[in-house]
Every structure is written in C-alpha cells, then in structure tokens.
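Chemist: Chain order of the listed sequences is A and B. Residue numbers for the first sequence, in the numbering used here: 1 to 205. Residue numbers for the second sequence, in the numbering used here: 206 to 452.
It is worth saying that the hints were derived from the structure and are not from the lab. One thing to keep in mind: the hints can contain errors.
To be verified - Below, in silico cross-link-like pairs of lysine-lysine (DSS-like), each with a Cα-Cα straight-line distance of 30 Å or less:
1) LYS163/A with LYS328/B
2) LYS106/A with LYS389/B
3) LYS328/B with LYS66/A
4) LYS208/B with LYS201/A
5) LYS293/B with LYS59/A
6) LYS247/B with LYS211/B
7) LYS402/B with LYS222/B
Unchecked claim - Cβ-to-Cβ under 8 Å is the rule here; a few derived chain B residues that face chain A:
8) VAL207
9) PHE283
10) CYS300
11) GLY305
12) GLU324
13) GLY330
14) SER331
15) GLY427
16) LYS449
17) ALA450
All of these numbers come straight from a predicted model, not from anything done at the bench. For glycine and all other residues, C-beta sits at the position ideal for the given N, C-alpha and C.
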Amino acid sequence: MIAIIDYGLGNIQSLKNAINSLGYNAVLTCDRNEILNSSKVILPGVGAFQEGMRNIRDKGLVQTIKDYSDLGKPILGICLGYQLMNLSSDEFGHEEGLGLLPGICKKLEPARGERLPHIGWAPVEFVRKSDWGELVSGHLFYFVHSYGVLFDDNECIDLGVTKFGDREFASFVKKNNIYGMQFHPEKSGEVGLALLDNFLKQEKK
Amino acid sequence: MVKRIKNFRVISRLDIKNNTVIKGIHLEGLRKVGVPAALAKKYYDDSADEILFMDAVASLYGRNHLFDILTETSKNIFIPVTVGGGLKTIDDVRCSLDSGADKVSVNTGFVKNPLLINEIASKYGSQCCVCSIEAKKIANKKWEVYIDNGREPTGMDVCEWVEKASSLGIGELIVTSIDQEGTKKGFDIYLYEEIRKQTNVPVIASGGAGNIQHIKDVKNAGVVDGVALASVLHYNLLRIVDIKAEL
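One chain only, chain B, in its complex shape (with noise of 0.2 Å):
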C-alpha cells in the first residue's frame, strides 16, 4: 500500500531537456538520465506524493516547451503535476492546466513582473501558483536570487524576495540551494529556517539530498513541508517507499 505523510511531501523533480530527463550539478554540467514518461510513472509507481517537470532550457528559448510531454505523461500519473520553466503569462498557466499540469512553477517571470502572482492568483487561486527561488550563498546567512536556470544573478535578498512573493499571494514556494544542488551533501537547512521566518506559505526543498539522514535532517528542522528530490532517484541511490518507511 503506497505509504502518504501528513505534513510532508516527497516530490519527484524532473528537468528536462530536449524531451529527455537530465541531471546537472549546480544546474550545469547536464547528464542524461532517461525518458520523462517512463520516469515519471516509475516514481509514481513508488509512491512519490507529486510530479515536478522543470524545462531547463525555456529561458534560453523563450518559451516553455514542455506541454506535450505534459499531456503524454500525466494521462497516468494520478498525483498532482507541477510545471515550470519559462513561463511568463497568465495564457502559459491556461495552457499548463490545460495540458494537465495542476499546478505552475515561476521563477524568472515572477521576478522580472512580480504583479504576476498576483494576476494568477486572482484567477486560478494562490494554490496553484508556486514560486520557485534558486538560491546562492553570498555570505553568511544570506543569499542571492538568481534567474534563468541559476545562470543569471540579479543582486536581489533572496529573504526579502520571499517576503515580498508571500504578500503578493504566492501559494508555495519552492526553493534550490544552487550550492547543494546535485552534491548530494544534504540541503541547506540554514537557508530554509531563514526563509521559514518570512513566510508562512508550504517551501519545498531542492537541492542536495543524499541520503535518508539527509531528508530526515531537513523533515526534522520543522522548516519546510516537503523535499524536492532528483539526483537520487535518477541515480537510483534510493526509493521513494524507502525513504517514506523511515520518516
């Protein structure tokens, strides 16, 4: 029986590439590890609690490019589809739900027309808008916002962004530590107890995980309600049952 904990999420996240799964250290230096369907449904089938589909080069193009993988996938996928990357309008959220995604996914586009959130949000509820922040680390206790993948820094408090994306009815936050990113030396737990005192929306974590200790570490901050994990599931370092049966 698929095992689901109250209070905490263990989400599958998916970058994509030309229509294949890659995996990146620090967002870069991309491996490919598989064909998004396929992986989508395995993990899936391992009880992950939601489906995370990133388009990693949609900034450099422009656009999104992922709804016809969207609608493939998700036709068997029975737990909630989050998407993003590059999208920048309130028709690119029509067009993600439409393709079966449920909720959205916007880092570059929230930070370049931050009334944005607030114009889906309006329409499509705060719940379905989730604000992804890629984080690195610029001194102590504080980070820098970066955009376009983790290519581009913008000089912006990565805690004042939060606070500011909170007030503008941002649903949940996902956030990767750009440093701990593919590592797999664990989150940066300190960067999510500093965002956890400007907001009281759900944050996810992205970025780093290991481990099992890894994930109970983060769980048992009490900061973040869920971890976004990649590189061991691609790598098959671990299992998403696993995992929940020691949580």
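Bound-form chain A, shown alone (with noise of 0.2 Å):
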C-alpha cells in the first residue's frame, strides 16, 4: 500500500492523480499502523514549514514518520515535505524539522533578474553519476517555492542541485529510503512522471 502522509497540507488530489495515472492507488492516512505498513510513504507539500510541523506534531506524526523511515522502507518528500524531513527552516522563524536529512532550508536570494518565489521550469544538475541522475538530465522540472535545502556534507546522498541566485539549493536527494524532491515530480509533465514512476517501484533495501 502506498501511503501519503495526511497532516493537512498539500495537493493531495493533484499527487492522487499522478499515482492514479501511473496505475496504483495511495491512501490518504494519518493512521499510525497503516504507515507502518505502507510499503512506500509520501509526504506531500504545499504550505508553510511552521504549519507544516505544527500540524504534523498535533497529529502525532513525528515518531511515525521517523518510525517509518527507521523500517528502511522507501519515503519520499516533496516540495514542503522534503522541506520538513530536514533539519530545520527559518520560513517564518526557527523551526526545528523531522531530522531524517541533514539539510538545513534556508531562504532563496534572488539575483540577476530572478524573482522570488521561484516558480517555473528549472534542470537539475547531479554532483556525481548516479541512476537517477541519467532520469533527469536534460529536463526541467516545476518549481515553486521560496525556501531551498542546503546540505553542507553530501556524502552518501545522491544529490541533484538547482542553481538559484549565488547558491546552488539541493532539488533532488536521495539518502538510502529516503528520497527529496524540491519540484514538484506529479506536476513536471511526462518526464515528473517517470520519476515519480520510479520512486515507485523501489524496494525496502
């Protein structure tokens, strides 16, 4: 069963689709055993980091995704969700994350004519080879946000980097289970939907 994380935030019935249209079904749940037992768990995102965690506490996630994520099984945060599986934010003052990532997310800063948020069609670049690193070269994928994830140790993560302003923010991760995705794969067309298809196949390591 695929899970997708409910803690209130997100477009949900935008990621259902995409799952849908690549032939398997996601359950909304916010149920501590039916995560626990989900063989792939998503986290999904759109909204603010404060609100995120927020509802994610209120809702006694934490230990469920971190549970979860201790079973070695595949997870997968998009967007916000990739956000909140890190460290911490300063969107809206210090905020401390799930900690599953080591990445800190920091504000974007804008040059040259850039705009923030960062909303649109960007590549994504891998430090080093990588299986998916060859799904993704040559194609741009949808962004929208105003945060982005900075790692300073990338060692062991797979890691696809989008360069913004003077910065290059960290867009795609993939560390053991746990996968991060700062686009948006189920809204980046044909080529977001590979990705997502994918994720989707992977197994518990």
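Given two chains presented individually in distinct reference frames, assemble the corresponding complex, making use of the accompanying hints.
Modeler: Now the structure itself:
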C-alpha cells in the first residue's frame, strides 16, 4: 500500500491523480499502523513550514514518520514535505524539522533578475554519476518555492542541485531509503511522472 | 519532446461559464469556444506550462462553481493548475486544493479583504497564492484596479495595489490588461514595466496576444515571467509548441 501522509496540507488530489495515472492507488492517512505497514510513504507539500510541522506534531506523526523511515522502506518528501524531512527552516522564525535528512532550509536569495518565490521550470544537475541522474538529465522540472535545502556535507547522498541566485540548492536527494524532491514530480509533465514511477518501483533495502 | 523554457512560462487560460469555456473582448461579449476538460488536455499535450481556470461568473453568483470541472479535468493534467473566480475564504483554498488545483488566483476577494493574503500565505505558503489584477488604463502610466471580472471600478491605483499585495505576502501576480484583452493587438508592456518597479514576485502577463511577435516582445522587455494566452489558443491561431520554438 502506498500511503500519502495526511497532515492537512498538500495538493493531495494532484498527487493522487499522478499516482493513479501510473497504475497505482494511494491512501491518504494519518493512522500509525497504516503508515508503518505501507510499502511506500509520500510526504506531500504545498504550505508553510511552521504550519506543516505544527500539524505533524498535533497529529502525533513525528515518531510514526521516523519509525517508518527506520524500517528502511522508501519514503519520498515533495516540496514542503521534503523540506520538513530536514533539520530545520528559517521560514516565519526558526522551526525544527523531522531530521531524517541533514539539510537546513534557507530563504532563496534572487540575483540577476530572478524573482521570489522561484516559480517555473528549471534543470536539476547531479553532483556525481547516478542512476537517478540519468532520468533527470536534460529535462526541466516544475518548482514553486521560496526556501531551498542546503547540505554542508553530501557524502552518502545521491544529490541533484539547481542554481538560484549565487547558490545551488539541493533539488533532488536520495539517502538510502529517503528521497526528497524540491520540485513537483506530479506536476512536471511526463518526465516528472517517470521519476515518480521510478520511486514507486523501489523496494525496501 | 515537450520544450520547457527556464524563467518563462506559457500558460493556457480558460475562462468558464456554465461548464463551457468562453471568450470575450475586454472581458465581455462572451462566445462559447469549447469543453473545459477537452481543451485543457489539448493544451497540456501541446506543451502548456500551466493551466489557469477562471470562473467568469463567480462574483455574480457569490461563489466558485469550478470544483467539479477541476476534479474531472485535473485527472489527466500533470502540470500546475490554478483556479480563480469568486474565491473569498481560506476554506475556498482548501476546497480548491482538494479538487485538484495547485494554486489559487484571487482578485475581488483580496481587494475587499487584503488580510486574506496573509491568512492564505501563512497556512498554505505564498507560492500557492496568486493575486489576479484587472487593470484599465485611465491616464499615462496610470491604471485602475477593476474587480468582479472587469465589471466594477475600485478607484484604486494598480501600482499601489501591487506594492501592497506584495508586502502582504502574495506569491505571484497575474495582471490582465482590460484594454488589450481579447483584441489580439499585443500586450500592454508599459503596464508590466510600471508593475515591475513595485515588486519582485513573478508576474504573468494576460490579455492581448495575437501573434508570436507579441509574445516575443513582452518576453524581451524582461519584466514578466510568463504569459497567459486565451484567444490565440482558443481560436486556433497559434500552437504552444510553435510559440516555444521561437522563444
């Protein structure tokens, strides 16, 4: 079973549509047992970090998400969902995240005519050779965000970055069973669907 | 292969009345042009970067009637979908997202209640929150804000409103020139130049595209981040794939 975590935020219907079109079904749930028994979990995201963490805490999901991840089964965070999986964010004040990934969310700093929020299609470049890099190479994906994830150390991480301002933020991350995408694969046309499909095919390590 | 352009989006705009896509000139005199789901899918296949659904009569009836159309249409559209028309409350945003929208566009709702911008942005994020502005020229470099789908003047200056909305946390602006809308005579580039001086959020130009040169001109002006097209697409004057090939 594929579980989409219900924490009151996210473009849920869009995500379900994409998953359904790939021939799978997903269940929107905040039930601990359902989540722990799922074969895949997705943490969706359209929203604000502080509100997102507050909802996750209020629904008692923090430990459940960490426990699921410890089982080694695949978990994917999309956009805000991906940001929440990291250590912290500066959005609306300092807020601690789930800590599944070692990144910090920082406000993007536009340069040279760039706008904020970052909205539109942009490439993702892998820092070293990767199977995931092959799927992503040469395509643009849809981003809509004002904060980006930065990693100090990217050892043991499959990492794809996107340039904004004078920095590169982490736009695709895979660390063991934990996946993060800053862009919306469910909204990036056929290339996004292919990426989502690849995640849905992953098995527990 | 679908072409995407970094930093510039080609958006297909569908104005809807009675479950039909309609098109007018200066936001009135409406003609039926097709079925929402069929047209949205056609433009998605034609490499549209986003789809924008506007409920053309929502303000008249006091609410947005697009949720059913959204649910049906969004099943096969894997690019961002924005919905607008008559959205007034945080619940409307929830309903929109639950129906398949990824962003909401609000005009009258924000003009009448500017604090709604902050309310939506703090819960759903500013990037979900598009401020739609209908601008009518009243003097040299001066435009007035209209609401209720171009029917009602507000006495407000567009540039002042842009500055205020930006400070309240809007994530994006879609600005329709009422004067150019439906005429196919080109965008009001002066309008977008003045607006760019007031804000650094993404701005989408809407209203006036008649040929590829119009789109090139507004892109080259460097002040907008995309265009919303209606007449040129609905009347089969241009295909998105051909437009992108020239940009």
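Chemist: Hinted pair, alpha-carbon criterion (30 Å max): LYS247/B, LYS211/B. Please report holds or violated.
Modeler: holds (22 Å)
Chemist: Quick one, is the VAL207/B hint okay against chain A at 8 Å, beta carbons?
Modeler: Given a least distance of 6 Å, the restraint on VAL207/B holds.
Chemist: At a threshold of 8 Å, is the proposed contact between CYS300/B and chain A supported by beta-carbon distances?
Modeler: With a closest approach of 10 Å, the CYS300/B hint is violated.
Chemist: At a threshold of 8 Å, is the proposed contact between PHE283/B and chain A supported by beta-carbon distances?
Modeler: Holds, because the Cβ-Cβ distance from PHE283/B to chain A comes to roughly 6 Å (cut-off 8 Å).
Chemist: Mind checking the CB of GLY305/B against every CB in chain A and telling me if the closest is under 8 Å?
Modeler: holds (4 Å)
Chemist: Given ALA450/B as an interface hint, is its Cβ closer than 8 Å to any Cβ of chain A?
Modeler: violated (16 Å)
Chemist: Given SER331/B as an interface hint, is the shortest Cβ-Cβ distance to chain A below 8 Å?
Modeler: holds (6 Å)
Chemist: Given GLU324/B as an interface hint, is the shortest Cβ-Cβ distance to chain A below 8 Å?
Modeler: violated (11 Å)
Chemist: Holds or violated: LYS293/B and LYS59/A, Cα atoms, limit 30 Å.
Modeler: Holds: LYS293/B and LYS59/A sit about 28 Å apart, inside 30 Å.
Chemist: Please work out if LYS163/A and LYS328/B have their alpha carbons no farther apart than 30 Å.
Modeler: Holds: LYS163/A and LYS328/B sit about 27 Å apart, inside 30 Å.
Chemist: With a cut-off of 8 Å on the beta carbons, see whether GLY427/B makes it to chain A.
Modeler: Hint on GLY427/B: holds, closest Cβ of chain A at ~7 Å, below 8 Å.
Chemist: Against chain A, run the beta carbon of LYS449/B and see if the smallest gap drops under 8 Å.
Modeler: Because about 11 Å separates LYS449/B from the closest Cβ in chain A, which is outside the 8 Å limit, the hint is violated.
The structure fails hints 2, 7, 10, 12, 16, 17 (numbered hints given earlier, in ascending order).
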